[in-house]
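Engineer: Each chain, written out:
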Amino acid sequence: MSGGDDAGNAAPPTGPDTDGAPDADSNADSHADAAAVAPGSGSFGGVRAPGPLGAAAWTARELTGWARWSWRQLTSMRVALILLFLLALATVPGSLIPQRDANPLLVAEFKDRHATLGDLYERFQMFEVYSSVWFSAVYILLFVSLAGCIVPRTWQFAGQLRGRPPRAPRRLTRMPAYTSWRTARDPDDVLRAAHGLLRRGRFRTARAAGSVAAEKGYLREAGNLLFHGALIVLLLAFAAGQLYRSEGGKLVMAGGGFANTLIQYDDFRSGALFDAEDLEPFHFDLDEFHASFHRSGPDLGTPIDFRAEVTYWRAGDDEDEGREATIRVNHPLSVGDAKVYLIGHGFAPVVTVTDGQGEVAFGGPVPFLPQDSALTSSGVIKVTDYVNRDGEPDQLGFQGFFSPTFRLNAERGPHSSFPDPDDPVLTLTGYHGNLGLDSGIPQNVYQLNTRHLEQFTDGSGDPLRVNLRPGDSWELPDGRGTLTFEGYERWASFQISTPAANGWALAGSVGAVLGLTASLLIQRRRIWVRAVPDRDGPPGTTLVEMASLGRTESAKIPEELGDLAAALQAHAPPLPGPGDTPAEAAAAPGTSEKSVASSEMPAQPSAGHREGAVP
Amino acid sequence: MILAAEPGLADFGKLLVYSAMAVYTVAFLAYIAEWTFGSRSKVARTAAALGAGAPPGKPAAADGDAVRVTVRAAGGSTRVLTRPRVITRSATPARDGVPDGPGAAGGDERGDTYGRIAVSLTVLAFLLHAGGVLLRALAVQRAPWANMYEFSTTFSLVAVGGFLGFLAARRNVRWLGLPLVTTVLLDLGLAVTVLYTETDQLPPALQSIWLWVHVSLAIVCGAMFYLGMVATVAFLLRDRYEGRLADGGTPGRFSASVLERLPSSVSLDKFAYRINAVVFPLWTFTIIAGAIWAESAWGRYWGWDPKEVWSLITWLGYACYLHARATAGWRGRKAAYLAIAAFLCFLFNYYGVNMFVDDSLHSYAGVED
Ligand code: HEM
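So the protein lines, in turn, are chains A and B. Start counting the first sequence at 1; every next residue gets the next number (full-length UniProt numbering). Start counting the second sequence at 1; every next residue gets the next number (full-length UniProt numbering).
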């Protein structure tokens, strides 16, 4: 079945009796015909001529037959519906099972906890549902079906736009809305008036002997095609976006900067077709970072605003002609193709470490990562170029917390109670030994591998732990030098994205909404007016019949018919008397006259099929 | 405090919501009275229309039997036009002759009085309810839909507003009153107990014009989809009732009394379809607004976040429903099941994802754990 035809006999008005009937669908029957010609000799191939040539021809016919049959199935409304439903089902698991793309840690945790289930999920790509083979299969099939459906429908629609509204069916009584009356006016006069009326109502009209046909609401079909076409644009835009986009994160100290090249990123992800050459050339400095928080009320400690004040330069800009900008949540900075989003912030304690010889072995800010909303932050300080008191190379490692507003209690130990630095304290424990940096295994800068390290302890063997306020120094035990907490700086983390095809996605969405609105709110309907000398009435009377047929059931369509009929009655006043609705007699069951239903109105007047009549 | 959130106003708003609940409860009792008194009338019009006497598919007039139009001229004279009677056929022609039920009051005068009282009380409760939502908005100085308490109260407010709107437009929807007020009471009860959160400000990620568009539309869509769903459930019940009568069966006393008074299955189906069809483009736009917001907040317009996923599933569900209505063999009951499933997806997105799926970026639910 081609989509158009199928939708035709499928679309509303009237009749579960048309359901599934092969009726109007002329091309759905080649299968049955072929089978009838040569039963048992194959589905489509017909009679097989003797010899290899015959067999080859038969096979070819058989294959094309099956191919065409499959294509018709795929582009039928029913299969489209099933695929749509499958897509909805297939989308579900990804929201309930952790996804590797979104949160690899959760996936690892899940696999630890549920070993067998984890393996099973792994096998069925449940941890990456939205790029899995089965998910892709469903949506690709759906979109092939969609394309196979809208192309023929577009041609058909173009044909309808060029053609004229189809002639009135023989039996208007079978239409979804019908009315009739008798008048003393001449049939020609009535039709002329009706024609004028319909044209003024902006219908496309066509006159025939004894009747007028009119049609309106073509925008519905146009909207429907626009909607389905826009879905394809949207899908392609999304796919292109996935393939060409890139996205990376960078933590920048206040006062520091970032240049948009691959090596500067802390982490970087990109689509399969992304080219590093395409990175927008620009760099920026983070001049200042501001954060403000509620200091009272029920929302104590929740953020009010974050602002990153930056200066940026595009390729070719003079160094002293940077442009200033403010980046806030929801308000990224756009530079060419790239967008810079503010995604996080935190503190970096500034420490200076002197070694056993009194030389400065380390100095500078060390970013700590926030652990909670009050910005209790954890981090490590690694001192690699260090010599001890005896001049021997050694390494130092410190691990601890930075609390902007320090609190200490038994339950949580040292932590922060407010995200602003009201009482900043750096809490550290220390180690010396081998940091394991040259083992070749990449190390996380925020973690300390304590395997080959020895912890500083007090006299009784308990780990030493110190709380430092800005300016405080820690004499390391055994004359190993000092660690001074100089103060803190702020850092902000940014995500730099280079999206692709966003414009197309937006265009697709706008098209989809507009198309859908037209498609669902506009009624496409046909109206017929017939005026003929009344055979059953006194001579000189005319029987006027009006009927309308909509593509969907809408109360508006019969109402409109009523209005038009009332307007026409001004030109063709009804004669008093009984039987102003011959419909009831005509519609009585048992009559089996065929209706002449037009073939290309999408909504077949299935009333016409009620007794199995096939147009 | 930097932005003045006014706890006093919020408390007063909550008080108004409590008063609204009290009035809704009285309205609920009045609706019950309407149904109870209505059950005394014995109107078996459906059976008659489906019975052996009537020809199958005896057409019904489009707008009842109101074929006379009275035109009042400026001078004060009136003339009566006989409007042409339009005969209609639907997708289920066998049911076209089935008239709409008489409504909850069943033509009983006292029942009708109670029904009118119930509607008046619903209007009063709606006003109190609206006041409660408004005060909450004034108290927090922003649109009142940043957490589940605000979302729930606004949601039921819009649903009741939609119902009253249909009544004002003279739609045959008074039967909706009882199921609607029942669920509104449940929703508000949940809102003031489990979901209540103190006034709070929006975290920076939620401050955006697109939030406003996205969430307000989501509320409107949800409330209207809800009305559509109630009509769909009524359609399913009524359809089975009519089917049983058409097969010559005798339905139970309860359905004979209650379902007989509902509109016909054809009317219910149309009503539900029209709501869903009008809301669907709006829902599409809601998702797009959300995507635009996500793109400005997180740097990608679509990231398969659970909230996004479930709004897509809801969308696909309603698309299935609309498609089914245009597919041979899927209209009627099957399509109705799809519509209900789609609404359940909406509901899950609204409550379920907030409560059960914990790694969503949309973590603004504000429910204390
Ligand atoms: C991504 C998949 C699809 C979605 C989301 C979708 C959605 C929709 C929606 C919401 C409607 C209702 C609009 C209306 O009633 O005018 C509709 C109508 C329609 N769709 Fe689709 N569709 C999809 C795929 C398809 C496919 C694959 C076909 C072809 C077989 C198709 C054929 C049709 C037809 C013929 C109508 C018009 C029915 C009518 O006039 O009532 N659609 N579609």
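Hints are computed from structural coordinates only; laboratory data are not their basis. Heads up, a few of these hints could be off.
From the structure, some residues in chain B lie toward chain A, with a derived Cβ separation under 8 Å [as the list claims (entries may be wrong)]:
#1 208
#2 233
#3 236
#4 246
#5 277
#6 278
#7 280
#8 288
#9 299
#10 302
#11 306
#12 310
#13 313
#14 327
Note that beta-carbon positions come from the ideal geometry of N, C-alpha and C, so glycine has one too.
Engineer: Each hint should be assessed against the structure and marked as holding or not.
Structural biologist: Do the hints match the structure? See the list:
The beta carbon of residue 208 of chain B is positioned within 8 Å of a beta carbon in chain A (closest approach about 5 Å), and the interface hint is therefore held. The beta carbon of residue 233 of chain B comes no nearer than 20 Å to any beta carbon in chain A, farther than 8 Å, and the hint placing it at the interface is violated. With a least beta-carbon distance of about 16 Å to chain A, the hint placing residue 236 of chain B at the interface is violated under the 8 Å criterion. Hint status for residue 246 of chain B relative to chain A: violated, with the closest Cβ pair at about 13 Å, above 8 Å.
With a least beta-carbon distance of about 5 Å to chain A, the hint placing residue 277 of chain B at the interface is held under the 8 Å criterion. At about 7 Å, the closest approach between the beta carbon of residue 278 of chain B and any beta carbon in chain A falls short of 8 Å, and the interface hint on this residue holds. Interface hint at residue 280 of chain B: satisfied, since its Cβ lies 6 Å from the closest Cβ of chain A, which is below the 8 Å cut-off. Hint on residue 288 of chain B holds. Least Cβ distance to chain A is approximately 4 Å, under the 8 Å limit.
Contact between residue 299 of chain B and chain A, as hinted, is supported at the beta carbon level, the nearest pair being about 4 Å apart and thus within 8 Å. Contact between residue 302 of chain B and chain A, as hinted, is supported at the beta carbon level, the nearest pair being about 7 Å apart and thus within 8 Å. Residue-level restraint check for residue 306 of chain B holds (minimum Cβ-Cβ distance to chain A is 4 Å; threshold 8 Å). Of the supplied interface hints, the one on residue 310 of chain B holds, with its beta-carbon coming within about 6 Å of a beta-carbon of chain A, less than 8 Å.
A cut of 8 Å between beta carbons decides the hint on residue 313 of chain B: the least distance to chain A is about 5 Å, and the hint holds. At a threshold of 8 Å, the smallest CB-CB gap from residue 327 of chain B to chain A is about 4 Å, leaving the interface hint in force.
The structure fails hints 2, 3, 4 (numbered hints given earlier, in ascending order).
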